[in-house]
Amino acid sequence: MNFENFFWILQIFIAIGLVGSSIAAIRFKNLIAAVIAMAVFSLALSVEFYVLQAPDVAIAEAGVGAGLTTAMYLLAIKNTTDEEVVE
Amino acid sequence: MMPESLFMGAMILLFLSATLTMIRMLIGPTIPDRVVALDALTTTTAGAMVLYGVITEQAVIIDVALVYAVLSYIATLYIARYLVKRRVGLA
Numbered sequence: 003m004n005f006e007n008f009f010w011i012l013q014i015f016i017a018i019g020l021v022g023s024s025i026a027a028i029r030f031k032n033l034i035a036a037v038i039a040m041a042v043f044s045l046a047l048s049v050e051f052y053v054l055q056a057p058d059v060a061i062a063e064a065g066v067g068a069g070l071t072t073a074m075y076l077l078a079i080k081n082t083t084d085e086e087v088v089e
Numbered sequence: 579m580m581p582e583s584l585f586m587g588a589m590i591l592l593f594l595s596a597t598l599t600m601i602r603m604l605i606g607p608t609i610p611d612r613v614v615a616l617d618a619l620t621t622t623t624a625g626a627m628v629l630y631g632v633i634t635e636q637a638v639i640i641d642v643a644l645v646y647a648v649l650s651y652i653a654t655l656y657i658a659r660y661l662v663k664r665r666v667g668l669a
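First to last, the protein sequences are chains A and B. Take 3 as the starting number for the first sequence in the working numbering and just add one per residue. Take 579 as the starting number for the second sequence in the working numbering and just add one per residue.
Hints were generated in silico from the structure; no laboratory data involved. Every clue listed holds true.
With a cut-off of at most 35 Å between alpha-carbon atoms, the simulated DSBU-like pairs for lysine-lysine come out as follows:
id	chain 1	residue 1	chain 2	residue 2
1	A	80	A	31
2	A	31	B	663
3	B	663	A	80
Everything numeric in this text was worked out from a predicted model, so none of it was measured.
Pulled out of the complex, with its shape left as it was, chain A reads as follows (with noise of 0.2 Å):
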């Protein structure tokens, strides 16, 4: 295997993973599981800029994306009431 076609099948892995993670932040109903689709997307998102080189980009994504808007949006739904959330 040489790594033009190993490059593609990353690409192909990463394209289901971001479409699939993004069509299930926006349907589910539940806002924690909601929440949970956006964390899989970040790191699907950190995947792709980590394999198009540019590791930099990659690190400011999983900060922000894995600690920062987890725990920012759980903030946000603890302070809103309970009828929104459908347990």
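Got chain A; can you put chain B on it based on the hints?
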């Protein structure tokens, strides 16, 4: 030439297992299923990032895997804390 092909095959297998884990995240009936699937997906992808740094022979980009492992630990901790106590933050 041969070890690089082995690393490429191992990384494709890791991505295949990450895809299966993402299917569990999509169809998981309850929230703890999805949280555990997110954690397993992040761990698998961190291993794949280290393998990619080995394949391309660039030691700098292995740091991304380290940062992502620490931050995903914090994210999983926040979600678990919300699920148990309905309360996030430090207190």
